[in-house]
Every structure is written in structure tokens, then in C-alpha cells.
Amino acid sequence: MGKEYWNGAQAAHRRVMMKAAGYSDEDIRKKPHIGVANSYMAGSPGTAHLRQVTEAVKEGIWAAGGIPVEFGIPATCGNVANGADEMKYEQVGRDIVAMSIEFVSRVHNFDAICCVASCDLIIAGCYLAACRLEIPAMVVTGGSMQAGNYCGDTVVEADLDAARFSGASEEELMEMEDCVCPSFGACPSMGTANTMQMLGEVLNLVMPGTSTIPASDNARLRAARAAGKYMAELAESGRTPKDLITKEVLENAIMFDMAVAGSTNAVLHILAYAYELGIELTLADFEKYAKEIYCINAVIPSGPYTVVDFHYAGGVKLVMKMLESKLHTDALTMYGNTWKELLNKVTAKENKVIHSLENPVAKEPGLKILRGNISPAGAIVRPTAVFEEVKYLKGAAKVFDGDQPAYEAIMAGEIVPGDIIVVRYEGCKGAPGMKELMLSIDAMIGLGLDKSVGLITDARFSGFNYGAIVGHISPEAYDGGVIALIENGDIIEMDITNGFVNLLVSDEELEKRKKKWVCPPLKQEKGVLNIYAQMCRPAEQGGAIQPWNLDACYRDKGAAGKP
Numbered sequence: 000m001g002k003e004y005w006n007g008a009q010a011a012h013r014r015v016m017m018k019a020a021g022y023s024d025e026d027i028r029k030k031p032h033i034g035v036a037n038s039y040m041a042g043s044p045g046t047a048h049l050r051q052v053t054e055a056v057k058e059g060i061w062a063a064g065g066i067p068v069e070f071g072i073p074a075t076c077g078n079v080a081n082g083a084d085e086m087k088y089e090q091v092g093r094d095i096v097a098m099s100i101e102f103v104s105r106v107h108n109f110d111a112i113c114c115v116a117s118c119d120l121i122i123a124g125c126y127l128a129a130c131r132l133e134i135p136a137m138v139v140t141g142g143s144m145q146a147g148n149y150c151g152d153t154v155v156e157a158d159l160d161a162a163r164f165s166g167a168s169e170e171e172l173m174e175m176e177d178c179v180c181p182s183f184g185a186c187p188s189m190g191t192a193n194t195m196q197m198l199g200e201v202l203n204l205v206m207p208g209t210s211t212i213p214a215s216d217n218a219r220l221r222a223a224r225a226a227g228k229y230m231a232e233l234a235e236s237g238r239t240p241k242d243l244i245t246k247e248v249l250e251n252a253i254m255f256d257m258a259v260a261g262s263t264n265a266v267l268h269i270l271a272y273a274y275e276l277g278i279e280l281t282l283a284d285f286e287k288y289a290k291e292i293y294c295i296n297a298v299i300p301s302g303p304y305t306v307v308d309f310h311y312a313g314g315v316k317l318v319m320k321m322l323e324s325k326l327h328t329d330a331l332t333m334y335g336n337t338w339k340e341l342l343n344k345v346t347a348k349e350n351k352v353i354h355s356l357e358n359p360v361a362k363e364p365g366l367k368i369l370r371g372n373i374s375p376a377g378a379i380v381r382p383t384a385v386f387e388e389v390k391y392l393k394g395a396a397k398v399f400d401g402d403q404p405a406y407e408a409i410m411a412g413e414i415v416p417g418d419i420i421v422v423r424y425e426g427c428k429g430a431p432g433m434k435e436l437m438l439s440i441d442a443m444i445g446l447g448l449d450k451s452v453g454l455i456t457d458a459r460f461s462g463f464n465y466g467a468i469v470g471h472i473s474p475e476a477y478d479g480g481v482i483a484l485i486e487n488g489d490i491i492e493m494d495i496t497n498g499f500v501n502l503l504v505s506d507e508e509l510e511k512r513k514k515k516w517v518c519p520p521l522k523q524e525k526g527v528l529n530i531y532a533q534m535c536r537p538a539e540q541g542g543a544i545q546p547w548n549l550d551a552c553y554r555d556k557g558a559a560g561k562p
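According to numbering that gives the first Met the number 0, the sequence shown is numbered sequentially starting from 0.
Don't take every hint at face value.
Ranges of calculated distance between the beta carbons of each label pair, as one might list FRET restraints [to be verified]:
(1) 525 - 152: 46 to 56 Å
(2) 6 - 340: 33 to 43 Å
(3) 358 - 3: 48 to 58 Å
(4) 242 - 346: 22 to 32 Å
(5) 281 - 242: 19 to 29 Å
PhoX-like, lysine-lysine: derived pairs with alpha carbons at most 25 Å apart [claimed, not checked]:
(6) 290 - 351
(7) 316 - 339
(8) 344 - 325
(9) 348 - 316
(10) 290 - 362
(11) 2 - 228
(12) 290 - 390
(13) 246 - 290
(14) 390 - 362
(15) 325 - 362
(16) 316 - 344
(17) 351 - 362
(18) 325 - 287
(19) 228 - 241
(20) 241 - 2
(21) 450 - 390
(22) 316 - 246
(23) 450 - 362
(24) 290 - 339
(25) 325 - 290
(26) 287 - 390
(27) 316 - 287
(28) 290 - 316
(29) 362 - 348
(30) 287 - 362
It is worth saying that the hints were derived from the structure and are not from the lab. Every residue, glycine too, gets a C-beta built ideally from N, C-alpha and C.
Taking the hints into account, I'd like the entire structure generated from these sequences.
Following this line, the structure appears as C-alpha cells:
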């Protein structure tokens with residue numbers, strides 16, 4: 000709204016509220032009002048340190064001539080709900096966070112917004128809000144956790160999950176629990192949290208070179224203070240995410256995600272951001288770059304290193320330098336210069352963590368889109384996290400309507416090498432909320448089935464997961480997709496190298512089954528999950544609560560978005 004919103008007799012009722020909260024008349028009238036959305040939450044190492052980070056951001060804003068107005072936003076730790084039915088709330092959380100920031104920012108008419116976040120759907124929701132608000136916006140990340148050390152071995156949280164299903168005693172697990180997460184920050188593998196923190200730099204929402212500073216490094220606070228200062232400058236400049244996130248920038252983000260083998264959840268988020276900004280982007284764009292970009296990042300699960308190692312090896316800027324020949328380097332950075340100009344200052348020197356395109360970690364992309372009669376609208380796999388033994392499977396289907404029954408069957412010994420597990424009705428509408436499967440996949444890994452068994456689902460995965468697991472199958476079961484028609488014993492062919500997953504059942508038989516199929520009732524009769532199920536887009540369009548018309552706000556059509 001600008002400074003006029005706070006000046007004149009008509010603004011007296013606004014100014015008095017700010018004065019009552021401790022702000023001075025001069026500050027209220029003359030300085031940009033910058034919302035600071037703090038996702039502090041005491042129950043997670045990814046968020047429990049964010050009060051201090053947020054204070055540094057506010058110090059920077061004050062120092063640069065702005066007014067910081069801090070407010071809280073919802074935050075959760077997905078690891079707490081892993082394996083529980085409540086995990087289906089996490090995907091919905093992205094929209095809740097975005098709406099929360101939108102709500103406060105609109106009512107208080109901030110001139111700009113700066114979010115402080117670390118993990119998974121929370122930071123993803125901050126980016127979505129930034130795309131929606133059309134005011135200058137930045138995100139300050141909480142950084143990565145240090146890896147743990149247990150009995151002389153480097154360990155991360157996923158190792159604890161594997162130990163649980165590998166027969167470790169409760170005493171052994173308790174000892175390990177004390178070691179795997181030794182500091183604040185996001186778990187240090189290429190999970191969704193670190194994937195999204197990194198992508199913030201490419202999306203021009205996080206200051207270059209800062210996303211992966213470890214939470215335990217004091218440079219994290221210095222970077223937060225610098226970000227606050229730049230936030231005030233950005234507020235005065237008027238540059239918004241709509242100015243800085245173009246189709247070319249989103250394509251750069253796709254290429255980066257392929258190169259680092261980021262979490263498969265990033266696909267959902269990038270698609271949702273494009274939709275919010277009115278930029279036409281589809282899974283075909285991901286397919287295009289999967290053919291060109293191989294994985295050059297040796298961070299868990301694609302290699303033995305952590306995100307802390309990644310940061311000190313050169314971080315996001317070095318990966319972008321390695322990709323320079325492929326990137327749209329004429330695209331702007333958040334500073335207003337081009338990526339070419341920024342990368343001119345970076346030396347392309349590969350190391351054990353970050354490789355070059357000519358010497359990739361794996362001769363395959365970090366993410367891949369699969370097609371076929373089971374997933375005509377697309378499905379997603381992370382090839383670098385799949386063992387060679389299971390990159391091609393042709394086996395009998397074992398079908399389960401949910402993660403829990405699949406887990407119980409695995410633990411009961413009902414799954415044998417060569418089987419392909421089908422977990423359905425866990426998608427955007429079916430769960431509802433597109434649940435992140437953990438029970439069945441952790442059980443597969445813990446029992447040593449990850450090198451002999453496949454799994455396909457309309458749900459999504461944690462960035463910690465690995466194996467021959469194919470998710471985001473669309474159309475999902477609740478919408479009557481082919482995955483809903485699979486029966487026990489049907490033969491499924493899954494070829495990750497060639498990019499397809501097919502049900503070897505005739506079209507005539509599938510048509511018969513389709514006629515008998517009955518859409519089940521929604522599992523949630525009220526509440527936010529019911530709202531989500533009725534208003535979300537399908538997974539191949541980002542799975543967000545964006546119920547407006549698909550073409551409504553595409554920039555090249557010159558139309559504004561409408562509900």
C-alpha cells in the first residue's frame with residue numbers, strides 16, 4: 000500500500016495500534032513495514048533455533064531503515080508423524096502456511112515479507128506465499144543439522160529408521176537416538192527440507208550462498224542479519240517474486256533439482272509455484288531436463304556425504320556453476336543482476352561432493368518422470384536412489400488400500416522377492432492429503448527387500464527414502480485411475496531406465512473392471528483434509544489448493560487469475 004496508507008487523518012486508527020505495540024510515529028509513517036513470518040516451533044530441531052535467527056533478521060531490517068513486524072506461522076516436524084495416519088496433514092500444511100502468511104500480510108498491508116523457515120512443507124509454504132502476495136519477498140533458512148556419530152560411524156536420522164526395522168533392541172535404539180541428531184537444523188540428507196532450502200537460492204527467494212549454512216555455524220546469524228538489511232532494500236526497490244521468478248528461472252530450478260537429486264516432493268512445489276505465478280509449466284518440462292542433466296551431487300541418499308559437506312564443498316553456487324552451460328544465465332538473480340554475472344565470480348572446481356557434468360555421480364538424472372498405462376498423467380522416481388538390481392522389475396502385484404496394511408503384510412513375511420507392492424488411496428484426495436509413505440518403505444529397507452521388491456503408489460515419499468519406489472501416480476486411485484483397478488497377482492512391468500510402469504492386463508479387462516469400480520467416500524467428513532480433498536489440484540499440477548481455472552492466470556494470455 001505504501002507510506003500513504005499510514006499517513007493522514009484517515010490512518011489514525013492504524014497508527015494508534017502500532018504505537019500501542021511500541022512503534023514510534025516517525026517509524027510508522029516513514030519506513031517500509033516488513034512482515035517477518037517466524038516458523039519457530041519448540042518441538043523440532045529444524046525450528047527450535049529460529050527465534051535467534053529471526054532476531055538477527057529483524058536487527059538487519061531496523062539497521063537498513065525498515066520496520067520489522069514479527070508474527071508466527073504454523074510449523075510441524077514431519078518426522079514426528081512419520082508412520083502415523085496424521086502424516087497426511089503435512090502436504091496440506093504447505094497451503095495452510097501460505098494462507099496464514101497471506102492472511103496476516105493482507106490485513107496488515109505489509110510493504111514486503113520475510114519468512115524464516117527450515118523444513119519440508121513449511122518452507123515450501125513460505126515460497127508459495129511469496130509467489131502469491133505480489134510484494135517484495137525473501138526467505139531466510141534455518142540451515143542444516145550436523146551429522147551424528149554412533150559407534151564411530153557417521154549417522155543421520157534415516158539410519159535410526161533402518162535400525163528399527165533391522166531388529167535393533169530398544170536399548171540400542173535409545174543409544175542411537177542420543178547420537179543421530181546432534182544439533183539444530185534440517186536433517187542433513189537430501190530430504191525435502193534441504194532440497195527446498197537450496198532451491199530457494201535458484202528461485203531468487205533466498206540470498207545466494209546462504210541456504211545451506213549449517214545451523215551450528217555462526218555465519219548463519221551473520222547471514223540472517225545481512226538478509227534483513229537486504230530485505231529493507233528490496234522493499235524499497237519494489238521487485239517482487241513475479242518480477243524475479245520467470246519460466247527460465249523455474250527451468251533453472253528443475254535443472255538444479257535434477258543435478259542434486261533432490262526430493263521428489265520438489266516437483267509438486269515447483270509446479271505449484273508456476274501455477275501461482277501464471278507460468279505454464281508441466282511434467283513435460285521435467286522430462287525434458289531429465290534427458291539432459293545427470294546427478295552431480297554425492298549427498299545421501301545418492302552418495303555418502305551430508306548437506307554440511309555440500310555447503311563447505313561450494314554449495315548451491317558451485318552446482319549452478321557446473322550447470323552453467325545448460326542454464327538460462329541471462330535470467331535475473333534476486334539482486335537484479337544476471338546469473339551469468341553472479342557465476343563469473345565462482346570457480347568451477349569439482350570435488351568429492353559436487354562433481355562436474357562431465358564426471359557425474361551417476362549417469363542418470365536425480366529425478367525422472369515415468370509414464371505408462373498405470374500413470375498416463377505421470378509418476379516420479381529418484382533413479383539415483385534405486386539399486387541396479389531393481390531398476391527393471393516384472394512381477395506380481397500385492398495390492399493394499401493404504402500404508403498400514405502394506406506394512407503389516409511386509410512384517411508378516413507376505414512379500415517375497417520379485418513382488419511389486421501397490422499402495423493406493425493415499426493420494427491427494429484418497430488419503431486425503433497425499434500421505435508420505437514411511438511405514439511400508441522403512442519396513443522394506445529394514446528387512447532387506449529394497450534390492451528385490453518394487454513399490455508403486457499414488458502417495459509421495461520422504462526425501463530420506465530409497466529403493467525401487469515410484470510415487471505420485473496419476474490419475475490417483477480415488478479418481479478412478481488404473482491403479483484403482485489393479486488386482487492381486489496382476490503382472491506389473493516397471494522399467495526405471497526407460498521410464499515406464501505398465502500393468503500387463505488387456506484394455507478390455509480394464510474396461511470391465513472400471514465399470515465395476517465404485518468411488519469410495521472421502522475418509523474425512525469435515526475439517527481441513529475434507530476441504531483439501533475437494534479443492535486441491537491433482538499431483539501432476541502441484542497438488543495445491545488452487546481451485547481457479549488452469550488457464551486463468553497464464554501471463555501469455557494476459558488474464559488475471561480468478562477463483
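Comparing the hints with the structure gives:
Distance hint check: the CB atoms of residue 525 and residue 152 are about 47 Å apart, consistent with the given range 46 to 56 Å. Between residue 6 and residue 340 the beta carbons are some 38 Å apart, a value that agrees with the proposed interval 33 to 43 Å. For residue 358 and residue 3, the Cβ-Cβ distance of about 57 Å falls inside the hinted range of 48 to 58 Å, so the restraint holds. Taken as a hint, the range 22 to 32 Å holds for the pair residue 242 and residue 346, whose Cβ atoms sit roughly 30 Å apart.
Hint check: residue 281 to residue 242, Cβ distance near 23 Å, so the stated range 19 to 29 Å holds. With a C-alpha separation of about 24 Å, the suggested pairing of residue 290 with residue 351 holds against the 25 Å cut-off. Restraint check: the Cα-Cα separation between residue 316 and residue 339 comes to about 11 Å, which is no more than 25 Å; the hinted pair holds. A C-alpha spacing of about 18 Å is found between residue 344 and residue 325, which places the hinted pair at or below 25 Å, so the restraint holds.
Proposed proximity of residue 348 and residue 316 is supported: the alpha carbons are some 12 Å apart, at most 25 Å. For a cut-off of 25 Å, the pair hint linking residue 290 to residue 362 stands: about 10 Å separates their Cα positions. Annotation: proposed proximity of residue 2 to residue 228 holds, straight-line Cα distance about 19 Å (limit 25 Å). For the given pair, residue 290 sits about 17 Å from residue 390 by alpha-carbon distance, which is consistent with the 25 Å threshold.
At most 25 Å may separate the alpha-carbon atoms for a hinted pair to count; residue 246 and residue 290 meet this at roughly 19 Å. Distance check on the hinted pair: residue 390 and residue 362 sit about 14 Å apart at the alpha-carbon level, within 25 Å; holds. With a CA separation close to 16 Å, the supplied pair residue 325 and residue 362 stays within the 25 Å bound. For the suggested pair residue 316 and residue 344, the alpha carbons sit about 10 Å apart, so the restraint of at most 25 Å is met.
The hinted pair formed by residue 351 and residue 362 meets the criterion: a straight-line CA distance of about 16 Å does not exceed 25 Å. Only pairs whose Cα atoms come within 25 Å are accepted, and residue 325 paired with residue 287 is accepted, the gap being roughly 12 Å. Pair hint residue 228 plus residue 241 holds up; C-alpha atoms about 21 Å apart against a cutoff of 25 Å. Restraint check: the Cα-Cα separation between residue 241 and residue 2 comes to about 22 Å, which is no more than 25 Å; the hinted pair holds.
Between residue 450 and residue 390 the alpha-carbon distance is near 9 Å, which keeps this suggested pair within the 25 Å criterion. The suggested pairing of residue 316 with residue 246 holds, with an alpha-carbon distance near 20 Å, which does not exceed 25 Å. Note on residue 450 and residue 362: the hinted pairing holds, with a Cα-Cα distance of about 20 Å set against a maximum of 25 Å. Distance hint between residue 290 and residue 339 is fulfilled; the C-alpha atoms sit about 23 Å from each other, no more than 25 Å.
Taking the CA atoms of residue 325 and residue 290, the gap is about 12 Å. The hint holds against a cut of 25 Å. Taking the CA atoms of residue 287 and residue 390, the gap is near 20 Å; set against the 25 Å cutoff, the hint holds. With a C-alpha separation of about 23 Å, the suggested pairing of residue 316 with residue 287 holds against the 25 Å cut-off. For the hint pairing residue 290 with residue 316, the CA-to-CA distance comes to about 22 Å; that is within 25 Å, so the pair holds.
For the given pair, residue 362 sits about 19 Å from residue 348 by alpha-carbon distance, which is consistent with the 25 Å threshold. For the given pair, residue 287 sits about 16 Å from residue 362 by alpha-carbon distance, which is consistent with the 25 Å threshold.
The structure fails none of the hints (numbered hints given earlier).
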